[in-house]
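2 protein chains.
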Amino acid sequence: MQKVSADQAQTVLQNDLILKVARGEEVERPPVWLMRQAGRILPQYRALRGKLSGFKELVETPALAAEVTIQPIDELDVDAAIIFSDILVIPEAMGLTYEMVEKKGPFFPETIQQAADVEKLVSGDSAASQLHYVFEALEITKRELAGRVPLIGFAGAPWTILSYMVEGQGSKTFSKARKLLYQNPKLAHQLLQKITDTTIAYLKLKIAAGADMLQVFDSWAGILPKAQYSEFAIPYIRQICDAIQEVPITVFAKDAWFALEELGQLDCNTIGLDWHLDPQDVRQKIGPTKALQGNLDPCLLYAPQEEIAEKTQNMIKGFKKQHIVNLGHGVYPDTPLDGVKCFVNTVKAYRY
Amino acid sequence: MQKVSADQAQTVLQNDLILKVARGEEVERPPVWLMRQAGRILPQYRALRGKLSGFKELVETPALAAEVTIQPIDELDVDAAIIFSDILVIPEAMGLTYEMVEKKGPFFPETIQQAADVEKLVSGDSAASQLHYVFEALEITKRELAGRVPLIGFAGAPWTILSYMVEGQGSKTFSKARKLLYQNPKLAHQLLQKITDTTIAYLKLKIAAGADMLQVFDSWAGILPKAQYSEFAIPYIRQICDAIQEVPITVFAKDAWFALEELGQLDCNTIGLDWHLDPQDVRQKIGPTKALQGNLDPCLLYAPQEEIAEKTQNMIKGFKKQHIVNLGHGVYPDTPLDGVKCFVNTVKAYRY
Numbered sequence: 001m002q003k004v005s006a007d008q009a010q011t012v013l014q015n016d017l018i019l020k021v022a023r024g025e026e027v028e029r030p031p032v033w034l035m036r037q038a039g040r041i042l043p044q045y046r047a048l049r050g051k052l053s054g055f056k057e058l059v060e061t062p063a064l065a066a067e068v069t070i071q072p073i074d075e076l077d078v079d080a081a082i083i084f085s086d087i088l089v090i091p092e093a094m095g096l097t098y099e100m101v102e103k104k105g106p107f108f109p110e111t112i113q114q115a116a117d118v119e120k121l122v123s124g125d126s127a128a129s130q131l132h133y134v135f136e137a138l139e140i141t142k143r144e145l146a147g148r149v150p151l152i153g154f155a156g157a158p159w160t161i162l163s164y165m166v167e168g169q170g171s172k173t174f175s176k177a178r179k180l181l182y183q184n185p186k187l188a189h190q191l192l193q194k195i196t197d198t199t200i201a202y203l204k205l206k207i208a209a210g211a212d213m214l215q216v217f218d219s220w221a222g223i224l225p226k227a228q229y230s231e232f233a234i235p236y237i238r239q240i241c242d243a244i245q246e247v248p249i250t251v252f253a254k255d256a257w258f259a260l261e262e263l264g265q266l267d268c269n270t271i272g273l274d275w276h277l278d279p280q281d282v283r284q285k286i287g288p289t290k291a292l293q294g295n296l297d298p299c300l301l302y303a304p305q306e307e308i309a310e311k312t313q314n315m316i317k318g319f320k321k322q323h324i325v326n327l328g329h330g331v332y333p334d335t336p337l338d339g340v341k342c343f344v345n346t347v348k349a350y351r352y
Numbered sequence: 001m002q003k004v005s006a007d008q009a010q011t012v013l014q015n016d017l018i019l020k021v022a023r024g025e026e027v028e029r030p031p032v033w034l035m036r037q038a039g040r041i042l043p044q045y046r047a048l049r050g051k052l053s054g055f056k057e058l059v060e061t062p063a064l065a066a067e068v069t070i071q072p073i074d075e076l077d078v079d080a081a082i083i084f085s086d087i088l089v090i091p092e093a094m095g096l097t098y099e100m101v102e103k104k105g106p107f108f109p110e111t112i113q114q115a116a117d118v119e120k121l122v123s124g125d126s127a128a129s130q131l132h133y134v135f136e137a138l139e140i141t142k143r144e145l146a147g148r149v150p151l152i153g154f155a156g157a158p159w160t161i162l163s164y165m166v167e168g169q170g171s172k173t174f175s176k177a178r179k180l181l182y183q184n185p186k187l188a189h190q191l192l193q194k195i196t197d198t199t200i201a202y203l204k205l206k207i208a209a210g211a212d213m214l215q216v217f218d219s220w221a222g223i224l225p226k227a228q229y230s231e232f233a234i235p236y237i238r239q240i241c242d243a244i245q246e247v248p249i250t251v252f253a254k255d256a257w258f259a260l261e262e263l264g265q266l267d268c269n270t271i272g273l274d275w276h277l278d279p280q281d282v283r284q285k286i287g288p289t290k291a292l293q294g295n296l297d298p299c300l301l302y303a304p305q306e307e308i309a310e311k312t313q314n315m316i317k318g319f320k321k322q323h324i325v326n327l328g329h330g331v332y333p334d335t336p337l338d339g340v341k342c343f344v345n346t347v348k349a350y351r352y
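So the sequences go chain by chain: Y and H.
If you read the first sequence in our numbering, its first letter stands for residue 1, the second for the next number, and so on.
If you read the second sequence in our numbering, its first letter stands for residue 1, the second for the next number, and so on.
Isolated chain Y (complex conformation):
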């Protein structure tokens, strides 16, 4: 699990708490960051966003993406930055463009329906290397962070990316994507392999551009039956984990309570947990070596501050050590900033 040499990180980073925990080293308190911390919870983000034509302009303009990536470090003093981007840049690089529709979410004018659609997709390094704007955003961020905290890069897990490429948009059931698994499992595997090849190339380019750590998000893990998760999701996440040996990697498979044992066998450093999971149950299922990340209920940040502080402390005690503090989901856009700060400050004041 020691995917990064201590030298490499510590010579440049003033705060490497999160890398230490991912590597299994002792720390005096858990590090803390929030999924979606760069975004609508921050007034400075909303101010910048209001001046732009849309979400994609922000994703595709490196200086702006870097700016919003650093905002939560300045405002919240969290222990890691995560590059501002979107998991759907991968389908776009593969040849399937998306739009981000205000208040509705992503929309793909064309979707994957048949073998010819998969055949014509670009994949691997040829696809990933097109995403200049992401790598440039990482380079600018890394330079401007100047070692304050580690920089996290990310990608969607192949099953989640397939879901969008086939469904064409968000869905309560993702029944079109799921239909493909039953009606044409061979084509699904071909598509998953192309996505995986592209994702590995992409993550390696992110490392080259300065990412100190990586996270793979399987946002739609929870809609697959266990047997299908084992067949269509786990093997591709495994390929990614096996390919990434340069920096620590976290796998967050939301709602995949039924797949914990399999997730525990991946060659990753950290497993992300949603807010339903009990840390000690998870520890028993995945074994002693990995760090765990999570898992406060994001809605707790709507509560009075005393309750946020108390439940955050209880959560940390529940995890014992080897813990990276986060919410169990991305922070919701209307979360009060004071609630977020109370959460972060409680963690930073904690001592094991």
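Any given hint might turn out to be false.
When chains are identical, the list treats them as one kind, so a pair holds in a single copy or across two.
[Unchecked claim] Result set (DSS-like, lysine-lysine): computed pairs, CA atoms no more than 27 Å apart in a straight line: (1) K321 x K226; (2) K341 x K186; (3) K186 x K120; (4) K172 x K341; (5) K317 x K226.
Hints were generated in silico from the structure; no laboratory data involved.
For chain Y, the structure is supplied; the task is to place chain H on it using the hints.
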């Protein structure tokens, strides 16, 4: 768990397989029905629906609701009818009207935000007794079924109903509804109690109108952390189960894998399972007395027929006995009718 006397049901019903299983009696094969079987999977439903102004016209016109309730009995020969209606008739009876927006789902022009909103809600029998069109639909259906199969009545669980009343529409996160639990738990409990009182009165009137069996749907169970599910959901479902002793009752709490032990302690006859749950794991957690209902992946019905037949048989074997066959979710609108028929016929041909 013997909530209905055998005499009462058997004198009138030609097929009482589902009631027998709910009561814990021996049967030669499991009964089968589908959640949302009355609806868009049937061409005769789509033909009728196309002539109407909207979904609510169908819900509120007893003769038409009865007609679509009986369609799946004629077309699919399933072992139970479920009255065509909507869980949101309860908020409407309480004073909060809803619209059903084509392709988007329910929308409440007014929502519950503060104490005054809860205070002015009608509740209990005064609210429930307004739903004449539901009771009349049950009476017509019962008469026209003429004992062919039992008739199931249903309601949403109080937490799910609260979610819609506060959120005002469907949501990926239901964060407004969840915010209420953290910011004003007292008000949430007051609202839940009013919903519960109304639901109990409503279900008793459904029994009086001919329902042979009841099901409570907690569609949004899976978004609450375990501790909140214990506090805000389970106690109100328990009140409902305790109050209903006349007919068997089923509780289906979707995605509530973390609450199985508590669900197992309810005074209900049957627990509905989503497609993630392993029947033998569930059996261990909830004990030997209750029937289990479910839990084929609804997307399996997109698969080739041989696969549907094989996996349906395997599922039945996995449950052993005390099993009512169903999908693990409502059948999806674009499911091929031949897939549905293959599923139903496989169950009907099965012998223990």
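Cross-check of the supplied hints:
no., hint, result
1, K321 x K226, "between (29 Å within a copy, 22 Å between copies)"
2, K341 x K186, "between (48 Å within a copy, 26 Å between copies)"
3, K186 x K120, "within (16 Å within a copy, 57 Å between copies)"
4, K172 x K341, "between (32 Å within a copy, 25 Å between copies)"
5, K317 x K226, "between (30 Å within a copy, 18 Å between copies)"
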